[in-house]
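The numbering used here puts the first residue of the sequence shown at 855, with every later residue one more than the last.
Everything labelled a hint here was simulated from the structure, so no lab data went into it. Among the clues, some could well be false.
To be verified - In silico lysine-lysine, DSS-like type, Cα no more than 25 Å apart, as pairs:
#1 938 <-> 968
#2 938 <-> 986
#3 936 <-> 968
#4 926 <-> 936
#5 936 <-> 954
#6 986 <-> 926
#7 926 <-> 938
#8 986 <-> 936
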Amino acid sequence: MKLLGFRDVVTNSLDAVSSRLEVECETAAWLALWMTHASCLAQDLILFSMEEFRWIRLAPETTTGSSIMPQKRNPDFAEVIKGKASLVHGALASLLSLGKGQPSGYHRDSQYSKPLGQDIWREVSAIPTLFKAVLQTMTLDRIRMKQAVQGDSSKPPNGLTPSRRNPGCHFVKCMAQFPLRWMIAVSWAV
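With the hints as constraints, model all of the structure from the sequences given.
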């Protein structure tokens, strides 16, 4: 047993044969969770590099040109990462489905877990290197970032809160009268 590299004898043989897919599912679940975080970071990079924010500038070597507007740079890498996150989540769901409803023991349908695991790894493996290149080459516009957080962005300008506009108004009714445009702007700033 030690010669084969096993720590101990498995005393419950049913556990030994009924735990198929567990390693694949646990690994896929961790990678799917990691891809969720990678997708959020990708979305932040897209959002904060947009003209409306311009808090960061992505390096030209990490973006692609637009076919319609050559001066525009697209963060295609980030959009692809968001798509890959969905593929990894779908592969995890497929892995979990393979294991449901199987009686104890080996079943040939378990072999389909291998290509799914390989697909997940293929989708995930290059992303850390890609993020490293993007984060090392992007630049921050510290002035714009500082301007964005100065002042109290949670209040409308000139104290025009709904309750000040109509002091006797119930808060919910006042909010319904409040310009939607300002509420959207505040939600983006928070």
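Structure-based check of all given hints:
| no. | hint | result |
| --- | --- | --- |
| 1 | 938 <-> 968 | holds, 18 Å |
| 2 | 938 <-> 986 | holds, 17 Å |
| 3 | 936 <-> 968 | holds, 24 Å |
| 4 | 926 <-> 936 | holds, 21 Å |
| 5 | 936 <-> 954 | violated, 28 Å |
| 6 | 986 <-> 926 | holds, 23 Å |
| 7 | 926 <-> 938 | holds, 24 Å |
| 8 | 986 <-> 936 | holds, 17 Å |
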